[in-house]
Amino acid sequence: MTRSVNLAISGQAGQGIATVESLLTKALKRSGLNVFASREYMSRVRGGINSTAIRVSSQPVHAFEDRIDILIPLSDEAIPHLQHRMTNNTLVIGEKAFLSMDLLLSFISIEVPFTELAKEIGSILYSNIIALGVISSIFKVERQILHDLIEFTFLKKGDKVIQPNKSAINKGYEIGAELEDKYEILKKFYMNKNPEIKNDLILDGTESIALGAIAGGVQYECFYPMAPSTGIGTFLAQQASKFGLIVDMSEDEISVINKALGASYAGARSLVTTSGGGFSLMTEAISLAGMLELPIVVVVGQRPGPATGMPTRTTQEDLRLVLHAGAGFFPRIIFAPGCIEDSFYLTQKAFDLAQKYQVPVFILTDQYLVDSYYNLPFLNLDSLKNEKFIVKTDKDYQRFKFTKSGISPRGIPGYGEGLVAADSHTHTEAGMISEDPEIREKSVEKRLKKLKLIKDASIPPEFIGDANKIKYQIVSWGSTYYIIKEALDKINRSDIGFLHFSQVYPIHESTKDYLKKAKINIMVEQNPTGQFANLIENEIHIQIDKKILKYSGYTLSVEDIVAQITDAINGGN
Amino acid sequence: MTRSVNLAISGQAGQGIATVESLLTKALKRSGLNVFASREYMSRVRGGINSTAIRVSSQPVHAFEDRIDILIPLSDEAIPHLQHRMTNNTLVIGEKAFLSMDLLLSFISIEVPFTELAKEIGSILYSNIIALGVISSIFKVERQILHDLIEFTFLKKGDKVIQPNKSAINKGYEIGAELEDKYEILKKFYMNKNPEIKNDLILDGTESIALGAIAGGVQYECFYPMAPSTGIGTFLAQQASKFGLIVDMSEDEISVINKALGASYAGARSLVTTSGGGFSLMTEAISLAGMLELPIVVVVGQRPGPATGMPTRTTQEDLRLVLHAGAGFFPRIIFAPGCIEDSFYLTQKAFDLAQKYQVPVFILTDQYLVDSYYNLPFLNLDSLKNEKFIVKTDKDYQRFKFTKSGISPRGIPGYGEGLVAADSHTHTEAGMISEDPEIREKSVEKRLKKLKLIKDASIPPEFIGDANKIKYQIVSWGSTYYIIKEALDKINRSDIGFLHFSQVYPIHESTKDYLKKAKINIMVEQNPTGQFANLIENEIHIQIDKKILKYSGYTLSVEDIVAQITDAINGGN
Amino acid sequence: MSDNFDKDVKIHWCPGCGNYSALRIVKESLTELKFEPKDIVIVSGIGQAGKFPHFMTANFYNGLHGRYLSTALGVKAANPNLEVIAISGDGCTLSEGGNHFLHTIRYNPNITNLISNNSVYGLTKGQASPTSMLGFKTKVQTFGVINEPFNSPAVAISLNASFVARAFVGDIEETKNILKQAIQHKGYALIDMLSPCVSFNKVNTFKWYKENSYYLEDSHNPLDQSEAMKVALNLRKLALGVIYKNPSRPTYEENIQIYNSDSRPLFARDLDKNKLEKLVNTFR
Amino acid sequence: MSDNFDKDVKIHWCPGCGNYSALRIVKESLTELKFEPKDIVIVSGIGQAGKFPHFMTANFYNGLHGRYLSTALGVKAANPNLEVIAISGDGCTLSEGGNHFLHTIRYNPNITNLISNNSVYGLTKGQASPTSMLGFKTKVQTFGVINEPFNSPAVAISLNASFVARAFVGDIEETKNILKQAIQHKGYALIDMLSPCVSFNKVNTFKWYKENSYYLEDSHNPLDQSEAMKVALNLRKLALGVIYKNPSRPTYEENIQIYNSDSRPLFARDLDKNKLEKLVNTFR
Ligand SMILES: Cc1ncc(C[n+]2csc(CCOP(=O)(O)OP(=O)(O)O)c2C)c(N)n1
Ligand SMILES: Cc1ncc(C[n+]2csc(CCOP(=O)(O)OP(=O)(O)O)c2C)c(N)n1
Ligand code: SF4
Ligand code: SF4
Ligand SMILES: [Mg+2]
Ligand SMILES: [Mg+2]
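Residue numbers (the numbering used here), protein chains in the order written: chain A, 1 to 573; chain B, 574 to 1146; chain C, 1147 to 1430; chain D, 1431 to 1714.
With the rest of the complex left out, here is chain A:
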């Protein structure tokens, strides 16, 4: 079983927690340790109380655990905020003011006057960097790694920023060494290092989706900022000129999707990125994409609703929204990446399928996944093809030709001799308005045929376990993949299998067989009604036996799953 040290750093927005998180994870990885990190934060620019959880391990780690082994509080709200995740063995390293003894919590504490020390270096702003040094020292990260990272990060800001930061690091290492001499307990955090992972990638969900989009040949990204998807647009904006990509932050989500469809009509590989509320505004145009048979990739970062809800928290509750958005019937594809690798490969694939079937393809992710990261060896770019799926048109080209497969060869205005129509009414093969009942029937059947094709090509769920031994089967989708996987490793029972979906619509036909193998199928979802369980029931007419549902706005943890699965199983049946 994976043993990890779980570190948490917590303080106000604006205190530079994100900087520490980013530097520390990189540093740990470069020293040969596996890391997993995930953030939780308030919808604030300054103040409030945020935290990052970093797991450090000799083995790969990919999931969120509640348990905190080491906590660095950077404000007096840190401990109250995180106490439910602390144990008697939690080691707290911080300054006196933040150790809030009045909570009468039992934990082990080591006082370090970070603020004081930072002032000595020149500004209280360096406290977080000193803390970074202390932790790095405890985990025996070579100091040079930190220095290199500091240099790289503040390159543009020049020496007057780099030098004091280096001094802060050094101060941290000094203190780290002192502490080690003083506190036996710190020894237990020592872990074997694996030089092979030093060169690993370390990516969060945002970066992975954005890179996947680039790999998918994205040429036109349009968005309106909205947590938790804003980062994707930001990332792509910064890569735009390098990749010949247009990134447009537009006036609202309605223009976003209509521009993207206009660009798609004219031949661009189009992407839009949004969240549930912004996506809601795109509903009408999603239906337009269905009618015009235009490729489009739509990333929806889920956050708890209804309405504004909890902008920076996590959920899996917009599956039904994305599945049913748009008046009328038309085929669509929905992916829900289970991990960072999936985020990359599925986004790339989304572009291909959107072009191939001329349909909207959705990537359903959530705050937890976009804000989590871990190290992984590589991203495979070898098989990238990005076929264009367009034809050079001739004089009598008809955009909406009825074909056997249901797919009409896709022409682009300005490419070939033909004219390319796009019409939002029920239309003839040439794209002319039609009120003919037969045309309507044929058009609907065209769309049904395409859905069939798509279904046949869909990604099967991943099954983990011994199909012949299982009595129970945990079923899940999207970002809970590794959380459940680790929990099942911990539970370690051969009568429990795991079936995970990263394509949630249409689901692969093998699903039926998988579900039939288990006596009791238990769905794990982060929404109050079991949306994916409903979807499965509608698609293959098998009812899920039990549901583990969480809807607090905070991610499921490995511990949650262990407890609830154990419960569900002991609750019997």
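In case anyone wonders, no lab produced these hints; they're calculated from the structure. A quick note: this is a predicted structure, and the numbers were derived from the prediction, not measured. Glycine residues also receive a C-beta, built at the ideal position from the N, C-alpha and C atoms. A portion of the hints provided could be inaccurate.
[Claimed, not checked] With a straight-line cut-off of 30 Å between C-alpha atoms, the simulated DSS-like cross-links for lysine-lysine are:
1. A/Lys96 x A/Lys171
2. B/Lys977 x B/Lys1022
3. C/Lys1326 x B/Lys968
4. D/Lys1705 x A/Lys242
5. B/Lys1085 x A/Lys517
6. A/Lys401 x A/Lys385
7. A/Lys119 x C/Lys1156
8. B/Lys1085 x B/Lys929
9. A/Lys171 x A/Lys198
10. A/Lys519 x B/Lys1085
11. B/Lys761 x B/Lys744
12. C/Lys1348 x C/Lys1156
13. C/Lys1353 x A/Lys119
14. A/Lys156 x C/Lys1283
15. D/Lys1708 x A/Lys242
16. A/Lys388 x D/Lys1703
17. A/Lys519 x A/Lys469
18. D/Lys1660 x D/Lys1616
19. A/Lys166 x C/Lys1285
20. A/Lys119 x A/Lys156
21. B/Lys733 x B/Lys744
22. D/Lys1555 x B/Lys730
23. A/Lys442 x A/Lys455
24. D/Lys1708 x C/Lys1271
25. B/Lys1090 x A/Lys547
[Claimed, not checked] If you want the ones that stay clear, here's a sample from chain C, every Cβ over 10 Å from chain B, calculated:
26. Asn1323
27. Asp1364
28. Ser1365
29. Asn1367
With chain A's structure known, arrange chains B, C and D with the ligands on it following the hints.
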């Protein structure tokens, strides 16, 4: 079995078919005949080809039949347009130019030079009124009834319009008399009259919903025009000052719903009326209504999609859209009136439930129903209560109080001493932004509780048949009610039952028992995937055995249902 | 001074944010005009400015991003007696909410509309807003803003808005003065309220606003649309004060027929069943 | 003259509708400017005017009600070589689409935008539109229009649109002349094209437009924003011709970095895998 004479009048937009339809149905009813009428028309202001179908009978008639017994063509496209509904026995009365013999159709024709005759009266515009006279004469409607109607209709336009119209009527009666002497066949259209129905109401779906809204105490109607729901706003605009009602045609659907919610917050009974495309734009605010727990009634007139689709045609394909619109989870209610009476009573009820449970309530109707009408004896206004469901607030009023039932007493700003909050974030009882996981859980559970209450109070489906004898059961929802009912009367088998839903979400718990009684449940829906069948499966985990689906954009007819049910049953199981 | 409207809560804004002054200005103006919290409805959208109503005591409706002007109009329609202050950010009002900005002006409801204009997206962490200056660089607008800045006073005047002003939160007294006029104005009153974002807008700082604005002279005639427009079109030097006023436009509420004969708000009314019965009978 | 662009289809408009002339004007102008149908994309929304592209030969995108300007911008972004004519009704453009109208002007894409302005909702049968005159009565606006008419040229000028004109379809030659200038203008070109609806607008008839409009004198200086604004603000007598022009604004396409060094439209490009590999490796 009901015997009816089915009359069709067909011509271009702008030829006054709607006028004839309205006058004729009223006249027939006033003479003691039951009528049913329904329209089909193109999305055009002038030209194209439209038609109205009017059924005349001694018994009540409420459903569309394909079969045409008498056709009055007003353009040369009329016969080609309607030939699939004509038989060898169809009698066509019209002028030579429109009888298009080249189609080699066999039908019985009587030439009447309407245009010529109209010119004699002063303008070709009177041809339709002459035709009206002819038909009225054939059905033995007292001429005075027509004169009265003409006078009433053109009151404001004065004598110079009334007189020639009366002459046109007289001319029609003259010709009618001549024809009867000449053509034996006309005798067979004679039907017994029932003086009791002379004083019946005659209403179409639009009027019935609008009256239902008034009965429900509507005070604020906001809309943006969109077929097939525009008529409701128009009707209400014309009644606005009389009923102290504000009708606002706003700049777009997003403002429509946000204004209506603002008005609702301030204590108005709010209504919005739209269609699938416009409704799509309201998606985000529907979710807001869920979060703010504001009452709102939303009428969605379905038309075939995706996108612009077929603006003036009919469908039942936006159930899933309305059911799932809005990010996050919150309770809602969806009605789908089955007939004109339902349209009235359910709309009234929608207002009450919206106030009572502080949720969005949807009326899902369609072009077929809003454009159909028949006579009915009365609308019962006696039981109207329109309870306000608001409280006068005191100083410490908290808008979102957690209560046992899940319903928080609803205060209105300006009524009482308290302050009234509305907040789109996850919020405390006082309406303050909160990121507390417990608050979120409690809020979700509050919404779940309300859904449970709503479910317990939902309208059971209507069952017709002998529960102990049925083997087959036709299941349907919304506007197909009478079409199926008449078809089943025709089929006349005691082993077929009929289960109809006018509340489609949440469905009543008796549904399970009803469905279990039949060996084979057959769903009839006008959409390609069986949306209501899916909903039922998700709610009560029973799979519908067969589906009869139509998606041509044109309504199911009694004949369609007879044929398809017969087929479905003979096709075995 | 403003204790009636004070609220004992932690404020979510960054230290130094212009919104603190705005909050004070609003609370004090309402107090000075002798309003009580229960007379007032603060309507807002989403953004830093959109959080406004959470930090003062009053009725409030904190709705969706971009939609608050429609909400405000709906509130007024249902109950014209309520005093409605509609406040939100430049992005909320002019980007997501642009269409409602245009059309609310056309309706002329009797509301006071404060655009807390920091020329940036605060809450979503620093993207350009419609009022950002050409060339303004951000993480997203990496080559700088390319779109012509949205001149909200000019647009409002072009639509014949009935009251158009600009104010700067750095000057509390003058802004209170302008706000009080706006509140007392009958009809839609716009204040383009310049309010620095200390976290994300390093260009349009307190200092910058001070240096790049001026108060309109008494000689300025706000009743002259062309003159007002000239003033508004000048973005090089930002005019503060009441730029335009059209007292001749009736308000939306005055135009609502049903209030002519009966001033009760909607919630106080009931259906007249007899009238309904009569109406139904016309269908016989 | 315009046979290249002619199309052999039944036209859905009412006899006498102003759109017939508009169709002729567009087809002839394009022919005279030597365009071929395959160079052209007609982008439209929903409404009577929105049906426009169905009645001529060209590429077309007849999208949603109110969204055509966003579509047009997307088309141009993906392929600046296409000549885009964006046309739709006054309701589509200024009511449902008001926000895109505002912001498209700010982007300044090189498109020609014809608002077929009949001051009424044609397709939905006669409701008031944003440009309907005060007091205009309809089945819905039973007491007459109460909202200030939407002055699209004035709003466009207040946003510093790069080309703003008004034309009247009753005058084919002059309107062709204006349209050709608009097409040749680099950047967003607006034509508020007055076009009578014979079925539903009995006020703003051919005759009314003729009597209530005038052509701008040669002395009018379209480069002067204030002067142009004065002309635009006058709705009592409608100025025809080019009201405002700002030749100094770069177009949106010129502002798109990626076309600086490589003019190929997007569909002709491919991913540079090496660059991606390099980028991925920065995450080690
Ligand atoms: C429909 C929708 N889109 C996007 C967002 C995300 N969002 C929240 S605030 C904001 C912009 C804030 O800018 P501004 O209105 O100028 O307010 P400020 O924070 O600067 O005061 C955005 C884009 C949202 N909440 N809803
Ligand atoms: C989202 C949406 N709302 C409403 C409609 C219905 N609709 C179609 S055209 C139209 C208005 C037409 O007016 P205008 O744009 O002025 O065009 P015209 O017919 O006068 O040329 C409306 C409201 C629609 N198609 N989509
Ligand atoms: S981010 Fe800017 S606008 Fe938001 S609170 Fe901070 S300073 Fe104010
Ligand atoms: S309704 Fe009006 S705009 Fe539409 S086609 Fe007829 S005349 Fe033209
Ligand atoms: Mg802002
Ligand atoms: Mg129009």
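Each hint tested on the structure:
Pair hint lysine 96 of chain A plus lysine 171 of chain A holds up; C-alpha atoms about 18 Å apart against a cutoff of 30 Å. Distance check on the hinted pair: lysine 977 of chain B and lysine 1022 of chain B sit about 9 Å apart at the alpha-carbon level, within 30 Å; holds. Restraint check for lysine 1326 of chain C and lysine 968 of chain B: satisfied, since their Cα atoms lie roughly 27 Å apart, inside the 30 Å limit. With a C-alpha separation of about 8 Å, the suggested pairing of lysine 1705 of chain D with lysine 242 of chain A holds against the 30 Å cut-off.
Distance check on the hinted pair: lysine 1085 of chain B and lysine 517 of chain A sit about 27 Å apart at the alpha-carbon level, within 30 Å; holds. At most 30 Å may separate the alpha-carbon atoms for a hinted pair to count; lysine 401 of chain A and lysine 385 of chain A meet this at roughly 26 Å. Between the alpha carbons of lysine 119 of chain A and lysine 1156 of chain C the distance comes to roughly 28 Å, so the proposed pair stays at or under 30 Å and holds. In summary, the hint linking lysine 1085 of chain B to lysine 929 of chain B is supported, as the alpha carbons are separated by about 27 Å, within the 30 Å threshold.
At roughly 25 Å between alpha-carbon atoms, lysine 171 of chain A and lysine 198 of chain A fall within 30 Å of each other, so this suggested pair holds. Between lysine 519 of chain A and lysine 1085 of chain B the alpha-carbon distance is near 24 Å, which keeps this suggested pair within the 30 Å criterion. A hinted pair counts as satisfied when its Cα atoms are at most 30 Å apart, and lysine 761 of chain B with lysine 744 of chain B qualifies at roughly 23 Å. Of the supplied pair hints, the one linking lysine 1348 of chain C and lysine 1156 of chain C holds, its CA atoms being roughly 25 Å apart against a limit of 30 Å.
Between lysine 1353 of chain C and lysine 119 of chain A, the direct Cα distance comes to roughly 29 Å. Compliance with the 30 Å bound is thereby established for this hinted pair. For the hint linking lysine 156 of chain A to lysine 1283 of chain C, the alpha-carbon distance of about 16 Å falls within 30 Å, and the restraint holds. Distance restraint check for lysine 1708 of chain D and lysine 242 of chain A: the Cα-Cα separation of roughly 11 Å lies within the 30 Å cut-off, and the hinted pair is therefore satisfied. Among the hinted pairs, lysine 388 of chain A with lysine 1703 of chain D is consistent with the structure: their alpha-carbon atoms are about 16 Å apart, no more than 30 Å.
A C-alpha spacing of about 11 Å is found between lysine 519 of chain A and lysine 469 of chain A, which places the hinted pair at or below 30 Å, so the restraint holds. Of the supplied pair hints, the one linking lysine 1660 of chain D and lysine 1616 of chain D holds, its CA atoms being roughly 24 Å apart against a limit of 30 Å. Simply put, lysine 166 of chain A and lysine 1285 of chain C have alpha-carbon atoms about 26 Å apart, close enough for the 30 Å limit, and the pair holds. Distance hint between lysine 119 of chain A and lysine 156 of chain A is fulfilled; the C-alpha atoms sit about 24 Å from each other, no more than 30 Å.
With a C-alpha separation of about 17 Å, the suggested pairing of lysine 733 of chain B with lysine 744 of chain B holds against the 30 Å cut-off. At roughly 21 Å between alpha-carbon atoms, lysine 1555 of chain D and lysine 730 of chain B fall within 30 Å of each other, so this suggested pair holds. As the CA atoms of lysine 442 of chain A and lysine 455 of chain A are separated by approximately 20 Å, the hinted pair is consistent with the 30 Å bound. A hinted pair counts as satisfied when its Cα atoms are at most 30 Å apart, and lysine 1708 of chain D with lysine 1271 of chain C qualifies at roughly 28 Å.
Our distance criterion of 30 Å between C-alpha atoms is met by lysine 1090 of chain B and lysine 547 of chain A, whose separation comes to about 29 Å. Asparagine 1323 of chain C, annotated as away from the interface, keeps every beta carbon of chain B farther than 10 Å; the closest lies near 27 Å. The claim that aspartate 1364 of chain C is not at the interface with chain B holds, since no C-beta of that chain comes within 10 Å of its own (minimum 37 Å). At roughly 37 Å from the closest C-beta of chain B, the C-beta of serine 1365 of chain C stays outside 10 Å, upholding its exclusion from the interface.
Asparagine 1367 of chain C, annotated as away from the interface, keeps every beta carbon of chain B farther than 10 Å; the closest lies near 31 Å.
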